[in-house]
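The task is simple: from the sequences and hints, build the whole structure.
One-letter residues, chain by chain:
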Amino acid sequence: MKIAFFPGCMVDMIYPEIGIAAVNVLERLGCDLELPEKQVCCAQGLINSGYVKEMVPAAKMIIDAYDSPEYDVIVSLTGSCMNAIINDYPIVFADEPEYLKRTEELAKRCYEFTDYIVNQLGVTDVGATFNDTVTYHKSCHVTRLLGISEPPLQLLYNVRGLEYREMEHADRCCGFGGTFSFKQPEIAGEVVYEKCRTIIETGANVVCGADVPCLLNIKGALGRMRSDGRLDRDIRVMHIAQILDSRG
Amino acid sequence: MSILYNTDETLRERVTEGLKDEFKHNAIRTAQEVFYTKRGELVKEMGIGWQQLRMHATEVRNHVTDNLDYYVKQFAENAEANGCIMHYAPTGDDALWEVLDIFEKHGASYAVKSKSMMTEEVGLNEVLEETGITIIETDCAENILQTAGSKPSHIVVPALHFDREAIMKIYKEKRGYDGSSVPEEITHFLRKILRKEFMDAEVGIRGCNFAVASTGSVTLVTNEGNGRMVDSFPKVQIVFVGIDRIVPDLESLDTMLALLPRSAVGAKMTAYFSLDSGPRGAGEVDGPEEVHIVLMDNGRHTLANSEFSDMLRCMRCGACLNICPVYRHITGHGYGSIYPGPMGIVLTAGLVGYDDIDSMAFACSLCGACTEHCPVSIPIHDLIRQHRINIVEQGKNHAIEVPIFKALALMWSNVDVYNYAMKMGTPVMKKLAHGEDALAKDSAWIPVVKGWTSTRDFDCLSETRFRTWFKEHKKQQGGGK
Amino acid sequence: MALGNKSLSDLLNPISKQLEHDVVAEHVDLPEWEFVPWRVTDGKSAAELVDMFASEAEKIRVQVKRCKRDELAACVASIVGEGVPETGEACTVVCASDERFATAGLYDALAAEEKVSDVTVWDEAKGQANVDAAYVATYGVTYASAGIAETGTVVQPTSPACGRAVSLLPLVHIAVVDAATIEPTMLTVMKAYADADGKLPSQICFISGPSATADIELVRVEGVHGPMYVRYVVVE
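Residue numbers (our numbering), protein chains in the order written: chain A, 6 to 253; chain B, 66 to 546; chain C, 73 to 308.
Because the hints were derived from the structure by calculation, they are not lab data.
Among the hints, erroneous ones may be present.
As the list claims (entries may be wrong) - Computed cross-link-like contacts, PhoX-like style, restricted to lysine-lysine with a CA-CA straight-line distance of at most 25 Å:
#1 A:K43 - B:K536
#2 B:K89 - A:K188
#3 B:K536 - A:K7
#4 A:K7 - B:K539
Stated by the list, open to error - Here are some chain B residues the structure puts well away from chain A; computed CB gaps all over 10 Å:
#5 E230
#6 S371
#7 L497
#8 W510
In this text the structure is predicted, and so the values were computed from the model without any measurement.
Backbone N, C-alpha and C define an ideal beta-carbon position, used for all residues, glycine too.
Shown next as structure tokens:
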């Protein structure tokens with residue numbers, strides 16, 4: 006079984022450690038991973054800002070990179086990137102019947118990281134140990150739009166030493182929303198501060214998630230709150246892969 | 066047209082202004098929590114029936130939309146057969162003309178009104194007041210707004226941005242109230258002063274939640290009873306009906322009513338739901354002697370058979386507002402439309418187009434909570450995005466952003482350009498961050514970036530790239546074998 | 073185009089055009105619906121529905137009394153006999169004109185109550201005087217045509233024998249409802265109206281609890297424009 010790994014551009018650009026952790030976890034479970042050379046970014050920021058035509062070349066490149074007979078499945082580290090392929094590309098390829106067909110075929114072989122481990126590999130205990138208090142942000146794309154709610158929690162429950170603390174309204178948006186957070190910073194700021202307050206209220210030392218962009222947003226807001234005195238302790242922001250890769 | 070208001074301010078100005086009002090901000094958040102929590106309990110109680118009701122309501126509403134001309138006609142003919150006087154208003158101005166005509170024919174100058182979005186949409190109050198007609202809003206919140214000269218901040222509880230002290234003061238100044246600020250006392254004062262007005266008014270003006278095609282009936286959902294007062298005592302009644310309010314038959318009312326109050330305020334039913342079929346019958350001593358139905362389109366037909374046709378299912382419950390992470394902060398006032406929140410973005414842009422809505426369509430993180438909670442399964446966040454796509458296609462976007470998105474499109478579709486940008490960008494970013502790991506507040510002068518760093522830190526590009534590590538990693542694996 | 077005076081065709085034409093319909097269809101059949109929603113009342117017996125009706129009504133702050141048919145007059149009289157709620161002052165009553173009330177001896181029983189100073193039985197011949205009586209009345213008594221178990225609702229059609237004012241203007245609305253007429257949901261009530269021949273009453277009001285608002289700081293206040301108190305008398 007050959008896996009084409011889809012880390013998402015933020016992992017490549019900003020958080021390679023998340024990608025490394027995910028590779029470790031999957032390889033430990035016996036997976037054989039490849040990273041298609043030409044893949045860059047799902048480019049969802051374009052359609053979400055209204056730029057559909059402009060998105061066609063980037064979307065084609067993703068399909069060309071991943072739609073190859075040498076890959077059996079695609080595993081994505083970020084729910085929103087996978088959602089882009091499944092739910093956005095059909096709109097982008099409205100006038101590209103060949104790519105549309107390939108996208109539909111490819112979509113059937115796409116899995117989100119935690120969903121793949123639990124529902125495809127049938128593993129809920131990856132043998133991790135993580136001695137700390139953890140809360141999980143149920144990101145919109147993973148939870149609501151892809152409908153993956155149980156797998157991440159099942160995996161976290163089985164991590165030794167981990168004390169799980171549910172935050173209030175865990176499935177509420179963190180306010181990232183792609184270009185929304187640049188275009189409407191006042192609103193996005195309010196939304197993420199509120200998300201941070203619910204995280205802080207859990208008393209957990211670590212907040213994790215399965216969508217990298219949310220983590221960038223939450224980390225940025227917690228950092229700002231820490232530096233201007235609204236937060237008086239360090240809260241680590243991690244991808245769930247990093248927790249699953251942890252050995253105590 | 067008065068769907069939009071405060072158009073001289075930008076969305077950003079309205080939002081910034083609104084966020085300063087801590088009372089309003091908290092009030093709307095609290096309302097969201099209350100309605101959302103109550104709704105959640107009722108939905109749970111209904112078990113699988115809830116999703117089935119949603120799907121059934123969706124199929125019923127879709128059927129009407131697909132045959133909208135037929136059902137509008139059927140409703141109109143049956144309402145006329147019930148003895149209602151029909152007025153057809155393809156536009157809002159037509160509706161205003163018809164209403165003025167009714168007042169003129171009766172020589173009427175005094176009307177009571179129960180909350181109606183359609184009348185807001187055409188700016189009825191302003192027009193009537195200009196011609197010297199007194200029109201009194203009778204819903205408590207609407208009366209507060211009218212007395213204070215303010216606009217709704219919430220679709221269901223529109224005067225939530227005023228605290229009790231402010232409301233007390235408004236009535237002290239304008240209506241001679243001399244009681245305390247206790248909500249019960251103020252409300253009972255309103256009961257007293259409005260009662261007389263209901264009895265004396267010559268004309269009652271109301272909206273319609275659902276119009277029944279098979280029977281020509283109109284309906285009204287209220288809690289306070291002002292709707293019932295309006296449709297019981299004035300001799301002349303004017304009912305505003307949107308062409309998107311029609312359901313095929315009486316049975317479908319049950320489906321809609323099973324969804325509407327639960328979705329709107331987390332109640333199984335409102336105190337009153339009235340089904341009206343024509344003027345008072347022979348031997349009846351109350352109820353209107355004359356019922357005028359103003360059947361209004363005002364741009365709705367353009368949504369049919371379009372990418373926004375799903376929006377014609379909307380029943381204005383406000384569930385999408387009550388879950389929206391943006392609405393809870395910017396409140397109804399942020400949007401600058403009488404239709405705020407997620408449904409408001411879709412409907413407003415659908416009805417008025419893109420020229421005057423500023424960045425309203427972008428005041429959304431596309432989180433999809435609205436879609437998940439919509440009782441008639443409107444893919445609201447997809448439709449908001451569709452508006453964005455149309456805005457860009459029609460060249461109504463900000464010219465300044467176009468090169469940025471073009472550059473992103475180029476970088477994301479070409480791995481060499483991307484690699485080059487990363488190589489150039491990494492040290493620049495590190496420098497801007499003064500060697501730290503993230504861009505902090507002091508970078509909030511840099512164009513584009515400041516959008517982010519004005520409220521949050523932004524992690525720098527990594528000096529090691531994942532793809533470089535992976536290549537190395539595979540090489541080592543290969544070497545090991 | 074000039075404003076106003078538009079015809080139905082003026083309204084319909086743009087809609088038909090948008091839908092790509094050449095003409096408005098003569099007839100459209102309802103499709104076979106794909107979804108038949110499950111309801112909490114499904115499978116409940118008549119007795120269970122009556123219990124549900126009573127408990128749902130209590131949840132929306134309606135006081136419910138249950139009585140036998142021959143206790144109807146005494147039961148309603150015992151409510152109005154308390155006078156004005158909270159103060160206990162003398163009160164007036166407006167009452168629907170109904171054979172079943174007359175047979176039960178309700179009108180006499182009401183008039184016999186010490187704290188009742190006046191009883192007005194709705195009479196179409198008296199015209200506006202009925203409404204004037206209701207305007208000042210403490211109690212309005214109606215005979216509901218049905219009850220709805222799911223929501224604790226009473227169904228109140230308007231008629232020459234019972235105007236809209238009876239259940240709307242008085243401080244307290246007392247709705248008498250026959251247990252035998254309690255339906256599971258609004259659906260069965262609507263079906264019955266749909267199946268019946270002839271014109272619908274000019275108004276059918278579905279009443280679920282006292283008139284209420286939460287418009288000021290979300291604080292619930294009862295008794296806005298309609299009754300402040302609602303009482304049901306369920307006749308079994």
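Evaluation of the provided hints:
1. As the CA atoms of K43 (chain A) and K536 (chain B) are separated by approximately 13 Å, the hinted pair is consistent with the 25 Å bound.
2. Straight-line distance between C-alpha atoms of K89 (chain B) and K188 (chain A) comes to about 24 Å, which keeps the hinted pair within the 25 Å bound.
3. A threshold of 25 Å between alpha carbons decides the hint, and for K536 (chain B) with K7 (chain A) the separation of about 16 Å falls inside it, so the pair holds.
4. Under the criterion of a C-alpha separation no larger than 25 Å, the hint pairing K7 (chain A) with K539 (chain B) is consistent with the structure, at around 14 Å.
5. Every CB of chain A lies more than 10 Å from the CB of E230 (chain B), the least distance being 26 Å, so the non-interface label holds.
6. For S371 (chain B), the shortest C-beta to C-beta distance to chain A comes to about 15 Å, beyond the 10 Å cut-off, and the non-interface label holds.
7. The beta carbon of L497 (chain B) sits about 15 Å from the closest Cβ of chain A, which is more than 10 Å, so the claim that it is off the interface holds.
8. Under the 10 Å C-beta cut-off, the non-interface status given to W510 (chain B) relative to chain A holds; the minimum distance is some 14 Å.
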